[in-house]
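Construct the complete structure from the given sequences, taking the supplied hints into account.
First to last, the protein sequences are chains A and B. If you're matching positions, the first sequence starts at 1 in this note's numbering and goes up one per residue. If you're matching positions, the second sequence starts at 499 in this note's numbering and goes up one per residue.
Calculated from the structure, these hints are not laboratory results. Computed from a prediction, not measured in an experiment: that's the story for all the values here. All C-beta atoms in this analysis are idealised placements derived from N, C-alpha and C, irrespective of residue type, glycine included. Careful: at least some of the hints might be erroneous.
As the list claims (entries may be wrong) - Here's a subset of chain B near chain A, in silico, CB distances under 10 Å, partners left out:
no., residue
1, Leu503
2, Val510
3, Leu516
4, Leu518
5, Val521
6, Glu529
7, His540
8, Phe560
9, Pro563
Residue strings, one per chain:
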Amino acid sequence: MADLLELTAAEAHEAMAAGDLSPVEYTEAWATAAAGDELNAYLWRNGNGDGGAIAVEEPRQAPIAVKDIFCTEGVPTTAGSRILEGYRPAYTATSVRRLIEAGAPILGKTNMDEFAMGSSNENSAYGPVLNPWDRSRVPGGSSGGSAAAVAGGLAPWAIGTDTGGSIRQPAALCGIVGLKPTYGAISRYGMIAFASSLDQCGPLTRDVRDAALLLSILQGHDPCDSTSVGLEQGPNLPDREDLDGLRFAVPAGLARDAIEPGVRAVFEATLEKIEQLGGEIVEASLPHAEHGISAYYVIAPAEASANLARYDGVRYGMRAEDSGDLIEMYEATRDQGFGAEVKRRIMLGTYALSSGYYDAYYGQAQKVRTKIAADFSAAFDRFDFVVTPTSPSVAFGLGEKTDDPLAMYLNDFFTVPMSLAGIPAISIPVGLVEPGGGGPQLPVGFQIAAPAFAEQKMLEAAYALEQAIGFGTRPSGAPFLGIDQIRRTGSDGSDADG
Amino acid sequence: MAVELSGILEHVDRIAELDLEGVEPTSHVVELENVLRADEPHERLDREVALAPAPDPAEGAFRVPSPQAEG
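Shown next, in the form of C-alpha cells:
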C-alpha cells in the first residue's frame, strides 16, 4: 500500500488512465491513510458515516482534501468557526464541483483558521493542526489542515484558499508546493468569503507538476462568479529543465534583517542554484511592498467586517439559545460564535470603514494597493519573476505567537504584496534547516511571483528549479517513512553532539 | 484586546505618512469589462432547500425572536 501512496497525483492519474492502477484500490488506500489522522488535519472525512457523503461516479484523478471553507451540499462546512457548527450548505462550491466532475474523490474537509484569518491554524474553533515535521510546531495557516494533510501523508493533494498568504505560507512551513493563482483564475462561488477582493482558491501539492494538473482542473470562468475570468489555457504539465535567459528579481532591501539566518542561507543558496541553471539574479525596486502589511490589515478586515455581517443566527449555523429579543440574539450569537481573532478583525474593519476614518484608512490603503501593483508592473517590464523567501521563519512553536497578533501578521510580510497586486505566486520547498533552539530539521519555502495570468511560465521555472534542487516529490521521504526517519535523524544528531 | 488593537493601528498608521495625492485607489486588481448576460431563468434552489440550513425555519421563512423585548 505504501507504494501506492508514493505516487504523485499526476503519476497516479497517468497510471489510472493507462489501466495500470485500480482507481478503487488507490482511493481506498488514501481513505485508510486519511483515517489515521493524528494531526487534527481533517474536520470531516468522507464515508466515515458522520454527516453525509460526497460521491464521485468514476474516479480517474487522485482523491483530494478540501479546505473546510468550500461549501459542500449536505455536508458539514464550518470554515473553522463555531458560528457555522452544524451548517450543511444547500449547494456545492464550483471548485469542488469541478473536482468531482474531473473524477477526483473527496477525502474530507480540512481544518483551518477561523474564516481563514490566521497564519498558524491556531485560530480554529476545532483545535490547532500539528506540523507533521515536528508536532510541537504549527503548520502555518490559514490552510494549515490542507498543508499538513499533504505533507503528513493524509492526502495526495489538497485545495486551500489564499487571501494574504494562506496557501503559500503553510505550504512553506510544511515543505510542500502551494500556488496562489492570479485573482480571477478560479471561481470563488461557494467559497466562504473573507476578503472578497483578495480571496483565491489554489492547489497544495507534493510537487510542481501536481500543482499544474490541479490548477488545470480548477481554473475557468464561472457564470456564478462575475470576477472569475479563468486562464487562457491549461496550464500544461511543466517540463522545462533550465532557466536560460530568465531574470529573477530580488526586492531591493528585502528586509533581510527580519529573515531568520537559516531561512536566509537557504534562500541565498537557491539564488545560486538559479544562476547555475542559467537564470540571472537582479535587484528590483519595489518601494511600496514594505507597506503591504499595513494596507492589507486595513483592506482585509474592512472587507471581512462586511462579509461576516451575514452570520447573525438567522440564516445558517448556530443561534445562541434563550437570548432574549432579536438584537440580543444577534449579539449573543456573535459573541458565542466568533473567536477572538475574528472579533478583532471585525472591529478593525468597522473602525477603518467608519465615517471620518474611511479616507485615512480604507481610501489610503486602496491607494497603497495601486502603488504596490504599479511597482510589480514596473518590475515585470524588465524582469520575468520576483522572488523572496515565502516566510521569514520556519514553522514556529504552538502558542509562540498567539499573544502577539502583530507578530503573527508580520509572518505574511512576503506573501501579502502579491495578493494586493492580484498576481500569481508559488511556494516550493527548497531546503531544510535546523531551527534556532534545536529540534528536527524544518522545511524552507521559496516564493516565485509572476505577472498576472503568467501561471504557465511560473510553473515552468518552478519545475526547473524543483528538479535541480531535488528536495523530492516526497518531502525527504516524509510522510510515510519520513516523520519517524526525520525524528531519528534529529535525535541521532543531538546524541552525537552530547 | 484594546492594547492589541492599538498596536495594530499604530503599525497600520504608517501608510498615513505616504504622500499619495492623486493616486487612483484600486477597486479591482484585474482589468475587467462589465458584461451583461441574457435575462433568462436559471435553475434555482427550492425554498425549502434554501431554508433548511437555518437554525429555525418556519412556514417558508426564517423565524427570529421578537424584535421587541418581552415584558
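Go through the hint on Leu503 (chain B) and say holds or violated, using the shortest Cβ distance to chain A against 10 Å. 6 Å, holds
Grab the minimum C-beta distance from His540 (chain B) to chain A and call the hint holds if it beats 10 Å, violated otherwise. This interface hint holds because 8 Å falls under the 10 Å limit.
Tell me if Leu516 (chain B) is really an interface residue toward chain A, meaning its C-beta lies closer than 10 Å to one of theirs. Hint holds; Leu516 (chain B) Cβ to chain A Cβ min 7 Å, cut 10 Å.
Grab the minimum C-beta distance from Phe560 (chain B) to chain A and call the hint holds if it beats 10 Å, violated otherwise. At 5 Å from the nearest chain A Cβ, Phe560 (chain B) passes the 10 Å test, so the hint holds.
The hint names Leu518 (chain B) as touching chain A; please verify it with the least Cβ-Cβ distance against 10 Å. 4 Å, holds
With a cut-off of 10 Å, does the beta carbon of Val521 (chain B) approach a beta carbon of chain A closely enough for the hint to hold? 4 Å, holds
At a threshold of 10 Å, is the proposed contact between Pro563 (chain B) and chain A supported by beta-carbon distances? 5 Å, holds
Is the interface hint satisfied for Glu529 (chain B)? The criterion is a beta-carbon contact with chain A at less than 10 Å. Constraint on Glu529 (chain B) satisfied, holds at 9 Å.
Going by Cβ atoms only, is Val510 (chain B) closer than 10 Å to chain A? Where the cut-off is 10 Å and the nearest Cβ of chain A is about 5 Å from Val510 (chain B), the hint holds.
Checked against the numbered hints above, the structure breaks none of them.
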